[in-house]
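**Q** The primary structure of each chain is shown beneath.
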Amino acid sequence: MSTSTMADSNVSTSYLVRFTGKQRAEHLVTMVVFTMLCLTGLPQKFYGAAWAHRMVNLFGGIDAARWIHRFCGWTLALSTVVHFASALVTIAGRKTRLTMIPTKHDFDDAVATLKYYLGLRDHGPKYDRYDYKQKFEYWGLVMGNVIMVLTGIILIYPTVLARFLPGELVPAAKVAHSNEGLMAFLVITIWHIYNAHLNPDVFPFDTCIFTGKISRERMEHEHPLELERLEAEASRAGKAVAPHAEREVVG
Amino acid sequence: MMWVGAGPAWAGIPAEQDDCLGCHGGDATMSMDLPSGEKLGVYVDAAVFGKSVHGEILRCTDCHTEKTGYPHESKPFASKRDVQVAYYEQCKSCHFANYTKTLDGVHYAVMAKGNRKAALCVDCHGSHDIQRASEPRTRISQTCAKCHDGVFKVYASSVHGRDAEAGNQDVPVCTDCHKAHDILDPKNGALSMRTPEICGRCHTSEKMMSKYKLSTKVVDTYLKDFHGMSATLQRGTKADRKSFAAVCTDCHGVHDIQKSSDPTSHTMRANLVQTCQKCHPGATKNFPDAWLSHYEPTPQKATLVWSVQLFYKLIIPFMVGGLVLQIALHLWRVVVNR
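First to last, the protein sequences are chains A and B. To convert a position in the first sequence, counted from 1, into the numbering used here, add 1. To convert a position in the second sequence, counted from 1, into the numbering used here, add 78.
Hints in this document: simulated from the structure, not taken from any laboratory. Check each hint, because a few of them may be wrong.
Said to hold, decoys possible - Which stretches of chain B does chain A cover? Using the computed rule of at least three CB atoms under 8 Å from a CB of chain A, they are:
id, segment
1, 124–133
2, 270–284
3, 297–307
4, 336–350
As the list claims (entries may be wrong) - Here are the computed lysine-lysine pairs in the DSSO-like style, where the Cα-Cα straight-line distance is at most 30 Å:
id, chain 1, residue 1, chain 2, residue 2
5, B, Lys153, A, Lys46
6, B, Lys117, B, Lys153
7, A, Lys46, A, Lys214
8, B, Lys158, B, Lys179
9, B, Lys224, B, Lys129
10, B, Lys285, B, Lys337
11, B, Lys302, B, Lys285
12, B, Lys295, B, Lys363
13, B, Lys337, B, Lys391
14, B, Lys295, A, Lys116
15, B, Lys295, B, Lys224
16, B, Lys379, A, Lys46
17, B, Lys265, B, Lys289
18, A, Lys46, B, Lys302
19, B, Lys224, B, Lys291
20, A, Lys134, B, Lys391
21, A, Lys46, B, Lys231
22, B, Lys153, B, Lys170
23, B, Lys302, B, Lys170
24, B, Lys179, B, Lys195
25, B, Lys285, B, Lys363
26, B, Lys145, A, Lys136
27, B, Lys158, B, Lys302
28, A, Lys46, B, Lys170
29, B, Lys391, A, Lys105
30, B, Lys337, B, Lys295
31, B, Lys191, B, Lys224
32, B, Lys391, A, Lys46
As the list claims (entries may be wrong) - Distance ranges between label pairs, derived from CB positions:
id, chain 1, residue 1, chain 2, residue 2, range
33, B, Gly360, A, Thr104, 43 to 51 Å
34, B, Leu407, A, Phe165, 41 to 49 Å
35, A, Arg95, B, Lys391, 28 to 36 Å
36, B, Lys391, A, Ala51, 24 to 32 Å
37, B, Lys356, A, Phe211, 27 to 35 Å
38, A, Leu115, B, Ser371, 46 to 54 Å
39, A, Pro205, B, Gly360, 50 to 58 Å
40, B, Ser371, A, Pro225, 34 to 42 Å
For each residue, glycine too, the CB sits at the ideal point set by N, CA and C.
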């Protein structure tokens, strides 16, 4: 091994903290709950299939599967509320940069990325903390959660809803819940699994959301604008971001 | 049964029966005193037997197997019912398939528990006077009515029963839903769970339903709804009846089914809230609209449901296709860059 690669590997083993403990915990909860919701929910959508019956039996029957589904649904609802409540508190306290808000810049990035993929540009755009794909997935999940939670509650309490609103909302909620759920399942299995696992840049496994750490090398590659900003802030404060500094990045 | 129709047209009763009828065919009051105090008639009307389905085929000793000579011994039966219970076993030597089915039936189960009134072969079919059970078809329900009179009366005034009694061959009689020999216990829910299939036999038949201008989509639309989906999944597991989702009979009634336009129908608009309340105690005026009344959502019927359906029919392929395309482009770029 040459000295230069030794040096390179030294650089690549220096990490930055990308996700806080709370963010990592939120991802873990969402991951577990989402998986359980899919496992107990999809068999209800595809109730005629043999695999659906086997799956339901695995959970001890449809009543047990529904109980798990509802428990996980409420957990997801609660975690969504907690997520937004704490975001509002942080925003109100001006402790964060609104890094997740989609901007015109993201739209330009998406166009530039497509041009790059198609060979109309020599390189892709430089991203800040979250690229447009991550924002898309985040907001997709958030909007999906809102739809799933609202329609899910209607499906748990159809008689309560019909006391105030037209009964037709119940079958409409069922159609929405079932299709939105399928779409979420497809987006996650196709898009998220690709981006977090199968994408050649991170293959086989992007551990960042579990450990909270990201290598400086990946930051340079995937979030150069954020890295620049962090390093500028750090040098103003008189310390280096990398290789040894591991600091919390809020937002 | 098969060889009844296909067999040669023998004239009269086999000759050996003369031997038995020499004693049992003469005096119509011939009887035995049983320990129970009952008199067991042992006279056989040769003409009645001759006209029965067995008349030209069976000999007395085919069923009365132990009576091989003369004089013959009498079995020590305590009561008339004992005689019938004992002869239950005789039918199986020819009708083995149907006999075996009765062992899965509710009548046999009740008998096994000690209720000796439960129906045996001869209770429905008769003994020396056995005729085809289903000729005419209305005879079937009347046979059941001998014991189940209360239910029969309710049935006879339902949409099915009225037509059956009027000679309509399309409508169900008791055995069409309950089966004849392996009759399911209607109380444990197993029969209810089969109603989509049982009712569907006629109600999905285009040929039959077009006669009455009824929809054949009733089972499909039911299955697609929450109730049908739940019931389908519950069928696969051993759940108790109280947790079953609504099946056909829970809304339409069982023996008292009426046209949905009939004022006494459970599914008549004005009675619907009450019907929903059987399972949904909190149901109010708007609640029945949560059920699309067996209609497929269209722009006219259930506009909102139809729109939501359409929205997802478009957005899911668009979304998934877009993402897959982007992944493909990215991979292509990775390959090109190498």
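**Q** If you check each hint against the structure, which ones fail?
**A** 1, 2, 4, 5, 7, 13, 14, 15, 17, 19, 21, 23, 25, 26, 27, 28, 35, 37 and 40
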